[in-house]
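Trainee: Here is what each chain is made of, one letter per residue.
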Amino acid sequence: MPPDAEFAASLGQGMHGFVRELFPLCRSITGDGLRQTLRVIADRIPLQLHEVASGTPVLDWVVPPEWHIRGARIETLAGDPVVDFADCNLHVVSYSTPVDAVVSREELAAHVHTLPDQPDLVPYRTGYYAERWGFCLAHRVWESMRDPQYRVRIESTLVPGSLTYGELAIAGREPAEVLLSIHCCHPSLANDNLSGIVVATELARHLLVSDNRLSYRFLFIPATIGSLTWLAQHEDILPRIAHGLVLSCVGDAGPFHYKQSRRGDAAIDRVVAHVLAHRGQDYRILPFSPFGYDERQYCSPAYDLPIGCFMRSPNGTFSQYHTSADNLGFVTAAALEESLDVLVDVTRLLERNRIFERVDGRGEPQLGRRGLYRAISGEKDQTSAQLALLWLLNQADGSRSLLDIAERAGMPFDTIATAADAALQANLIRRTLDGDPQWQTHQSFSTRR
Amino acid sequence: MPPDAEFAASLGQGMHGFVRELFPLCRSITGDGLRQTLRVIADRIPLQLHEVASGTPVLDWVVPPEWHIRGARIETLAGDPVVDFADCNLHVVSYSTPVDAVVSREELAAHVHTLPDQPDLVPYRTGYYAERWGFCLAHRVWESMRDPQYRVRIESTLVPGSLTYGELAIAGREPAEVLLSIHCCHPSLANDNLSGIVVATELARHLLVSDNRLSYRFLFIPATIGSLTWLAQHEDILPRIAHGLVLSCVGDAGPFHYKQSRRGDAAIDRVVAHVLAHRGQDYRILPFSPFGYDERQYCSPAYDLPIGCFMRSPNGTFSQYHTSADNLGFVTAAALEESLDVLVDVTRLLERNRIFERVDGRGEPQLGRRGLYRAISGEKDQTSAQLALLWLLNQADGSRSLLDIAERAGMPFDTIATAADAALQANLIRRTLDGDPQWQTHQSFSTRR
Amino acid sequence: MPPDAEFAASLGQGMHGFVRELFPLCRSITGDGLRQTLRVIADRIPLQLHEVASGTPVLDWVVPPEWHIRGARIETLAGDPVVDFADCNLHVVSYSTPVDAVVSREELAAHVHTLPDQPDLVPYRTGYYAERWGFCLAHRVWESMRDPQYRVRIESTLVPGSLTYGELAIAGREPAEVLLSIHCCHPSLANDNLSGIVVATELARHLLVSDNRLSYRFLFIPATIGSLTWLAQHEDILPRIAHGLVLSCVGDAGPFHYKQSRRGDAAIDRVVAHVLAHRGQDYRILPFSPFGYDERQYCSPAYDLPIGCFMRSPNGTFSQYHTSADNLGFVTAAALEESLDVLVDVTRLLERNRIFERVDGRGEPQLGRRGLYRAISGEKDQTSAQLALLWLLNQADGSRSLLDIAERAGMPFDTIATAADAALQANLIRRTLDGDPQWQTHQSFSTRR
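Residue numbers (my numbering), protein chains in the order written: chain A, 1 to 449; chain B, 1 to 449; chain C, 1 to 449.
Check before you lean on any hint, since a few could be wrong.
[Unchecked claim] Heads up, incomplete: computed chain B residues facing chain A, CB under 10 Å, no partners named:
no.: 1; residue: Phe7
no.: 2; residue: Glu357
no.: 3; residue: Arg358
no.: 4; residue: Gln386
no.: 5; residue: Leu428
These are computed hints drawn from the structure, not numbers from a lab.
Quick reminder that beta carbons are idealized off the backbone N, C-alpha and C, glycines included.
Could you build all of it, start to finish, from the sequences and the hints given here?
Mentor: Structure below.
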């Protein structure tokens, strides 16, 4: 195994180990499971934890009370456990109110969620604002329950407390920011939650030791209410957000999927598409839709941020989605590694993607006397480095980014960026002050509310 | 038969009856046939009849003298009738000058129109500004005419009078108008003329008893000179015309055809295309061309009105076109019904197609507490009503009409419009004052002349 | 043979004769071969020859010393010639420095260029700024050379002198110019050089005796340094250049290729595409790329002129390219003729392509009373002249050129242009003063440098 591959493999294994570590915690949109998850992440990166009190208004919403759960069971009247939260934290509908009662099987049915088509799996259900209680169980178990009555017990509390989220800002040489948003509110689900957390943590570690032009902001948040809370409290930051990604489901073996931002033609949309197109693997670009993860909030009409969603198998499209089968066996070290690799490539492209203009744009410069052109001419074939340099020098007019040029040339971004390095070195191009694509977004935050 | 279908069928039969009633009248671009036709329409809807005197200049044209015809024959010298206007009013070229003469077969040939490829059919020909006389007859009849001489007689008059047209304006709550234009100048042709008249009459009856946001204007006019006359005399109204349709050939069994306005991307172009696309029947969208019906005038460069042409089989594409085979058997009650149904859908879409913006566009609103979202979440599938509401709330930013949103969502307009009704009710969206797509056209009437 | 075809054939034969006349001259980017070539052209058209002194700075370059060559050989030590410039002027790398030495076969190898895949052909190589010497020979010859040492001799001089180019400006009624640029620096290569020269000369002869609306400027120049020199010294002319073509490789039997200007949507791009599309022959449109001929300079970012490249087989795509097989047999009289024919059509279209507007754009004009419409109406079919007139009258709104209208109508340009002539005659349209497409380019020359 070459050293790089070995390093990547060890990264992948490390990430999978991190998934295993986080898996047992019972996360929700508030509470100790979430808080503990963020603390474990903070052991690896300098994450700042923020607490926002229950009852705080955030846009059209209110931060809910904190939910804690100690245990939950369905028992026969003889006291034999039939369903036990201790076995699987999906068994209880998230935010269930406490209950301790003997109920008929009919009454119980109204509180039970199963998957008749996947009778061995436990579904994942939530009822954050429902003020109800409920159990999730395998349909086969439900069918085997023939007693006329059962005892149900949920030892939960819903009390004023706070919503917790983690934030890590990595300052670059320029204020323009890349936002990375990861939801952390799902209990024992490996792909839909933990894969995003561990890949983002590793990406942050990579960026923390890099010399970055752009600034990066990682948000580890409960879905929906977490992003709403952050958005409500940080509107001053929004004009700086030049690009962003929501990360989710990046640990399974499926091909990469990128869901475009609401704009559809933001730089991030083109950057991710370019990176995926040049990997030579199967992938798919999905148009924006207002369902899914926190891009729903970032791309709401008054914000309309240039933020897409990066996934392998998209939410809702794989049979394990929101079931007990989204477990440790469903995510692999290799898939986590590969996802990290794409994201590193994306940030590398964002870092290098600038607008240049020729110092004197009249005619081609004489490359030969600068050692940038072969001495003897006339052959049919030229190297791709040579062609890339000619493309760069022809297209660098202060209006096109290096990615624009790469796409027009039909070449990988890196080839064009390398040509730009050589041309910059030779003083043939210069950076434009006012035309940086990182800043194209700054007018976008309208105050329409 | 369900009541709706029964009602529609009776409508269809009623319309076909109306075609039968109008069929025998000998219409032309002026004269009593036209006037009588408009009066029969006025028995059903409160049509206003206007008379514009012969000799009135209208744009580049002049209103012609009135043409009247009492009879016309080709006879043998023995007095046997060979061709008689009394049998079929297509036999005389419209606007033929009077004649009473014995002519050689050769001389007659220069005044005879036949269809050698359809030897049993009588063609329809006009010579409004030709100051000539002519007969149209079946080619087989012409071939059987072997006498060296015939007597020809046309009892017509061309005298100062007036051009007649009918107008019905139905005021809506808003001044923006939908123009519906129907030509009424063809004699006994059922599809190319009468089908448009009867479907438009029924559509007007429907709109007269509806609560309309938009205003509607029906023009029952002789082709070309009628629309030119109306345009010349109503330039003050043109800035209010937000949408329009020319109706023709809507009674045959062919698939629907919509010919776009000169602009090609006017709201009416997209509305008709959307309605046709969601009917699940075969249809075709044709690009604008400057041949056909009165869209030629409405879409002339200085007017460039957003007016398309709605047809089943387009003019010139069916073998019965402009022949005696375009008769009562060629149009059916079912086809008339279906055409009416499409047009009612088009007006319904126009009525409901508005631009909204979120009252506060930041993040998603909390739908749950408004009863607009299911209490327990986590399932893969959502109802289309739920998805439509999310699309609406994400896209309603004051720049997109409901049709824009429906097209982006890939959903039928009605599903999005229903979501908009719910969101408006819940005070989540509001109407924008200045961005109504009905009014996008108002700058369009240039004064270039 | 009809007279036109006969005339064309004699033109083709004349052009092929001219290729044969120019073939033996040893051209380079400076020197007597180039100068003599231009003088022969000047015998046919009133070409002005310009001399620009060696050492003159031109943009990022400097005019090189003049290169002269009297002879060159590789001999055995016994004095037997192995390779002789007298046999083929491709044998010496252009701009080789003088040499007279005995060298080992290994030393010689570093100065020898062959084509192992085409072992019988002599390649064409240049080293204008390399200050080296070199020989080009058939690979088979090189393989047969087994002596340990050879004597090499190149009798060349590199001395201060001047760069020569030829220019012919043909003034039209309007100042807008069409630039035609032809490189003249290749030695005995028939298609890649001479075909362009002879076709351009013939095109110039045609334009010299035509009544031209546009002005035309022919540049017969050494590639790269020639266009750079002209550009550097004529920046005042650039704002007048409305269209342009680089001509090369127009004598072989391949299908036509048009490489678009850097803009990709310049009028010239659409004009050439239209002409080729309506010839009914195979052809291809290539996107701009910054490799090839002098379009590299004309389309550099600060100039960005609307200049494309017209070819039959493009440079680098045919096996004879830059070898001794690009000889007199590779170009044919018929191919030269056809290329000229396309170029004449292109200039004819440029000449006739204007923007008109209706004198009064309201409704259709009454064509009948102007004799522009048939008297009796009603037939399905109309002549294409009639349809073209209707298209013209509908689209002429001061914003569309005749080519725009032809493309929208799907008709050949000439049909629309003929309709425009009739409409102009009838005073139905007029020319717009400020909207001429010839002038759309005038803002394009930015002073970014």
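Trainee: Each hint should be assessed against the structure and marked as holding or not.
Mentor: Right, here's what the structure says about each hint:
no., hint, verdict
1, Phe7, "violated, 39 Å"
2, Glu357, "holds, 7 Å"
3, Arg358, "holds, 6 Å"
4, Gln386, "holds, 9 Å"
5, Leu428, "holds, 9 Å"
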